[in-house]
Each structure stands twice: as C-alpha cells, then as structure tokens.
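Asks: With the hints as your guide, set chain W onto chain E.
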Amino acid sequence: MEMRERILAIIEKNSRVDIRELAVIMGAEEITIANELQALEEEGVICGYHTMIDWEKTSIEKVTALIEVRITPQRGQGYDHIAERIYKYPEVNSVYLISGGYDLMVTLEGKSLKSISSFVSEKLSTLDGVLSTATHFILKKYKDHGTILHKEEDAREKVSP
Amino acid sequence: MRNPLADKIVDIKPSGIRKFFDIVNEMEDAISLGVGEPDFDTPWRIRDEGIYSLERGKTFYTSNAGLKELRTEISKYIKRTQGVTYDPIKEVLVTVGGSEAIDLALRAMINPGDEVLIPQPSYVSYEPCAILADAKPVIIELKAENEFRLTAQELRDAITDKTKVLVLPFPNNPTGAIMEKSDLEAIAEVILEKDLFVITDEIYAELSYKDKHVSIVSLPGMQERCVLINGFSKAYAMTGWRLGYACAPALIMEQMTKIHQFAIMCAPTTSQYAAVEALRNGDDDVAEMREAYNQRRRFLMHAFKEMGLECFEPYGAFYVFPCIKEFGMTSDEFAERLLREEKVAVVPGTAFGDCGEGFLRISYAYSLENLKIAMKKIAKFIEKLRAEKNA
Numbered sequence: 000m001e002m003r004e005r006i007l008a009i010i011e012k013n014s015r016v017d018i019r020e021l022a023v024i025m026g027a028e029e030i031t032i033a034n035e036l037q038a039l040e041e042e043g044v045i046c047g048y049h050t051m052i053d054w055e056k057t058s059i060e061k062v063t064a065l066i067e068v069r070i071t072p073q074r075g076q077g078y079d080h081i082a083e084r085i086y087k088y089p090e091v092n093s094v095y096l097i098s099g100g101y102d103l104m105v106t107l108e109g110k111s112l113k114s115i116s117s118f119v120s121e122k123l124s125t126l127d128g129v130l131s132t133a134t135h136f137i138l139k140k141y142k143d144h145g146t147i148l149h150k151e152e153d154a155r156e157k158v159s160p
Numbered sequence: 000m001r002n003p004l005a006d007k008i009v010d011i012k013p014s015g016i017r018k019f020f021d022i023v024n025e026m027e028d029a030i031s032l033g034v035g036e037p038d039f040d041t042p043w044r045i046r047d048e049g050i051y052s053l054e055r056g057k058t059f060y061t062s063n064a065g066l067k068e069l070r071t072e073i074s075k076y077i078k079r080t081q082g083v084t085y086d087p088i089k090e091v092l093v094t095v096g097g098s099e100a101i102d103l104a105l106r107a108m109i110n111p112g113d114e115v116l117i118p119q120p121s122y123v124s125y126e127p128c129a130i131l132a133d134a135k136p137v138i139i140e141l142k143a144e145n146e147f148r149l150t151a152q153e154l155r156d157a158i159t160d161k162t163k164v165l166v167l168p169f170p171n172n173p174t175g176a177i178m179e180k181s182d183l184e185a186i187a188e189v190i191l192e193k194d195l196f197v198i199t200d201e202i203y204a205e206l207s208y209k210d211k212h213v214s215i216v217s218l219p220g221m222q223e224r225c226v227l228i229n230g231f232s233k234a235y236a237m238t239g240w241r242l243g244y245a246c247a248p249a250l251i252m253e254q255m256t257k258i259h260q261f262a263i264m265c266a267p268t269t270s271q272y273a274a275v276e277a278l279r280n281g282d283d284d285v286a287e288m289r290e291a292y293n294q295r296r297r298f299l300m301h302a303f304k305e306m307g308l309e310c311f312e313p314y315g316a317f318y319v320f321p322c323i324k325e326f327g328m329t330s331d332e333f334a335e336r337l338l339r340e341e342k343v344a345v346v347p348g349t350a351f352g353d354c355g356e357g358f359l360r361i362s363y364a365y366s367l368e369n370l371k372i373a374m375k376k377i378a379k380f381i382e383k384l385r386a387e388k389n390a
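Residue numbers (numbering that gives the first Met the number 0), protein chains in the order written: chain E, 0 to 160; chain W, 0 to 390.
Treat the hints loosely; a few may be bogus.
[To be verified] Restricting the straight-line Cα-Cα distance to at most 30 Å, the calculated cross-link-like pairs of lysine-lysine (BS3-like) are:
1) E:Lys150 / E:Lys122
2) W:Lys371 / E:Lys142
3) W:Lys304 / W:Lys180
4) W:Lys209 / W:Lys324
5) W:Lys209 / W:Lys161
6) E:Lys157 / W:Lys379
7) E:Lys157 / W:Lys12
8) W:Lys376 / E:Lys150
9) W:Lys18 / W:Lys376
10) W:Lys211 / E:Lys12
11) E:Lys150 / W:Lys211
12) W:Lys383 / E:Lys150
13) W:Lys163 / W:Lys180
Treat the hints as calculated values from the structure; they're not laboratory data. Since the structure is predicted, the reported quantities are computational estimates derived from the model, not experimental observations.
Same shape as in the complex, but just chain E (with noise of 0.2 Å):
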C-alpha cells in the first residue's frame, strides 16, 4: 500500500490519533505525515474527524430512520438537483444516489418519530419529483461504521508460551 492509502486505513478507524504517534507506528517521517495529512485535506480527501457515539448510552433520545425514495430525475440535472434538496436539511444525515427498487437512501436523525414523520409526510414528499417514500426506522444498532457497538473481552488465558 501507498502511503497515503496506509494513513487513510489508520486514521479512518482512529482520526484521534496524532502526528507523532503515526510517524512511530508508520515507521516514517513525522514531516512526511504532517505533508500528507494536509494534502489529504486540501484535496477533499479527508473531509472531516467525527466522533462514533452511541447515543443509546446516553439520556439524550435519539431517532434515526432509513428512507427509501423513489424520484423522476430532471432533464439536465439526473437526480442531484433533487438529492441537494434533501441533503440540505441539518437533519439528513446522508443521502446516497442507489441503484435497484429505489433511487436515494436517505437517513435521518430526529427526537422522535413524530419529527421524523412530519418531516417525511411536510418535506420529503411533497417535493417536486419524487414519486414515493418508504420509512424504515432503525431499532438498534449493531455495528456502525465497522465498529461492534458492544465491547467483547479478552478471552484469552493472561499467560501462555
């Protein structure tokens, strides 16, 4: 693998992990990592660290939902006029151009399900184009962005030769 390809497998498991610490276990330059990293970045690359919670261990309620929709892509514009449409709604948390029974996946996160269903039946619906929708909400999470959500033990005897 590239290097930059080695640093993007990294980081996209641990994006808290820094400069130094990646240089060591890289076994490279801290300067060239410093240079990659940024280059990374200023090309889009790397277009944001967030932080993997799961909200299900906090008092906060959380509701997420997956939604299928269906749509008539505009002349000109196929289907990104209308996906932007959607994705500019803080609440959306993806939108995803899919191919098969349906055109975009879009998630959603809200405080309930009412929110999550009047912003379904007030916005998504009534725009221009799309043709229909399908809302699944999500009851629980087992793994997310390839991370177990339950942590398992070391199972393993503490001394072996």
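Replies: Just chain W now, with coordinates in the frame of chain E:
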C-alpha cells in the same frame, strides 16, 4: 504400592511459564503482555466455514493424514510461497497444532542417544519432546549481539559425531528473531557437510516484517533433509482450533503418519474444513493482521528507545525481547517486581532457556491502546529502578 510413575517424565522440569502464570492469575487487574497467541478473533469467513461444515454434518473422522482438499491447499501454499513442491498424498500431514508435528518429527527420526541441537531462547516444547523421544538435547545459546540468529560457527561448535537433527525455530518465539536467506545458506552448508537433518518450525512465517519469509526447504539439497512445520494458529488467529501441519519427504512422513495414526487418529474435522477456507481466501485477513502487528512493533521499539531500554529490532512473530541487564536483577526478579508494583505481566526470558537470563519477552498481541498504558507503566518502573540504583 509401587511408584506408578516413569522416571523419564518425572525428571522433566515443568514449564517455567507455569509458575508465573499462577502469580498473574492471583492479580485481578494486571495488564498482561504475556500471551503467546493473537488478540484477533479468527476471521469470520473461516469460522463460518467451520460452522457450515457442522451444519452439513461433517462430524466424522477424516483420513489419518487429513482432508485431501486441505493437504492439496497446503501443498499449493508452500509452492506459491517457497517454490517447493510437496506431494499432498505422501508428503503432507495435518496435525493437532504445530506442537504435535514437533513431537512426531522427533520421534520419527531419533534413535536413543542421538543428539538434537536446540537453539535457545526458543519455544518451551523442543527440549522435553526431544527427551521423550530418547534424544540427548544439546542447547545452542543464541546471542543478542547476533540478533539471536543462529550462526554457522555456533552450529559447527555444537556438532559431535552423535548429532542427527537441528531444530530451527524461526521466526522465533520469544525473541522475534528471523533468519534471512543468507543466514540460512550458511547453515545449509553445514547441514550438508555434516549429513544432518532439520526440523524447521515456521509457525510464525506469515508474521515477518522485513521481507517475505524464506524457508530453508527452498535452498538446494535441503528439502530431502527437512521436516517443515507450520500451522494455522498464528497467521490466521486460530489457536483454539488446534491445527497445524508438517511437510516432509515421503520416507520420513510415512513414519510420522504412523505415530499420528495410532496416537491421534486425525486432526479435528471442523478445524480442517475451516482451514481450507483460510488457505483459499485468507490472504487479505493475514495481511491486515500483519500490518496491525507491525504498527505495534514499531510503537514498542520507539517506546523502548525513549526509555533507554536496550532492545535489538526483531523482524518476526509478535514478541520483543528487551535486555534488562543494566538493573542488576534476574529476569524473574524483574518480572515479579514489575507485576507486583506496576501490575504489568511480562514473561521472564529464562522461561525459554537459561540463556534468556537478563531478557524479558513482551508480546504485542494486544491493542495499541493497551500497549500504550503498559509502556507508560514500564517507563515509570524503570525510572524508579534507576533512581534506586543511583541513590
């Protein structure tokens, strides 16, 4: 009542690691760096094949030597990694871990009184297995200044007219040392000249961080003199599946298979089905684990450098072997104090041979987060020791 025991067994010392294990187990919150097995779970695709084989009712004995499809995959693996051809029918044997293969190879080749050369520090079972096979074990003490590699001169110095077999344990547990092609060529020359045989234990072959692992069997004239041992425990994180293998010339393999047939019958069937998947589709998983180990290895070397703790750079397995001679304590004393005072468990080098005195085995089969905490504690501990010494 008569003594029910055999003297030969009673005289064998129990593993030095056992004593330490008991102390560590007393302590609830100790951080252990003492484990000789991967921290990763077996990759899911491999576990899934094991489960699937159970669902299909593949719960019977396999042939003594192992599933033919597994032996074929093993043969292909050695071909693609070492360029050496073994006949899957007559020259490959699936065993219960690499450890069984060590035992079989020694028993198949040794006559009473034959000398077996065992470089140390090394894995704990070579010497007892040699004794059980009625061999006379002859220890070659490897040296830190050679990065714990075996030199041709050390080998020559240990050979007598009774010497028959050399055990070659590289990449090495506990030192992390490797033997590169040029090192092996020098050894091979002596092996040919003195008409010896080699049991090459390459269980850590996939965990090599410098270049790809080179096996001595790939050198001219060596295949017919070698028993190659490898397995699934370390590369594929499959320790609990108990599955290893040996590749050897048919002449030797026929006898090894005979012992295996009578003592073991066959290796676990479920594990064998899972292992087929490991060899067919496991390369990416191995590469990912190797990269993680390598990052930790570099982290530890850096941490020791910052502490001013002497340690040669190991290029294999998942161990580092720092020197603690500056503190004027035995490995046992150091390890026990480190455990009691900072609650970090490491294994004294002496568990792997007397010449491990003055060294510690530190395993990096742990997450970086864990290693970071442990290194802070070790740094604190040696600061304290240095202060004591200067007081």
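Asks: Against each hint, give a clear statement of whether it holds in the structure.
Replies: These are the hints, each one checked on the structure:
no.	hint	result
1	E:Lys150 / E:Lys122	violated (39 Å)
2	W:Lys371 / E:Lys142	holds (26 Å)
3	W:Lys304 / W:Lys180	holds (28 Å)
4	W:Lys209 / W:Lys324	holds (27 Å)
5	W:Lys209 / W:Lys161	violated (36 Å)
6	E:Lys157 / W:Lys379	holds (22 Å)
7	E:Lys157 / W:Lys12	holds (21 Å)
8	W:Lys376 / E:Lys150	holds (24 Å)
9	W:Lys18 / W:Lys376	holds (23 Å)
10	W:Lys211 / E:Lys12	holds (27 Å)
11	E:Lys150 / W:Lys211	violated (34 Å)
12	W:Lys383 / E:Lys150	violated (34 Å)
13	W:Lys163 / W:Lys180	holds (23 Å)
Figure legend: structure checked against the earlier numbered hints; hints not met, in rising order: 1, 5, 11 and 12.
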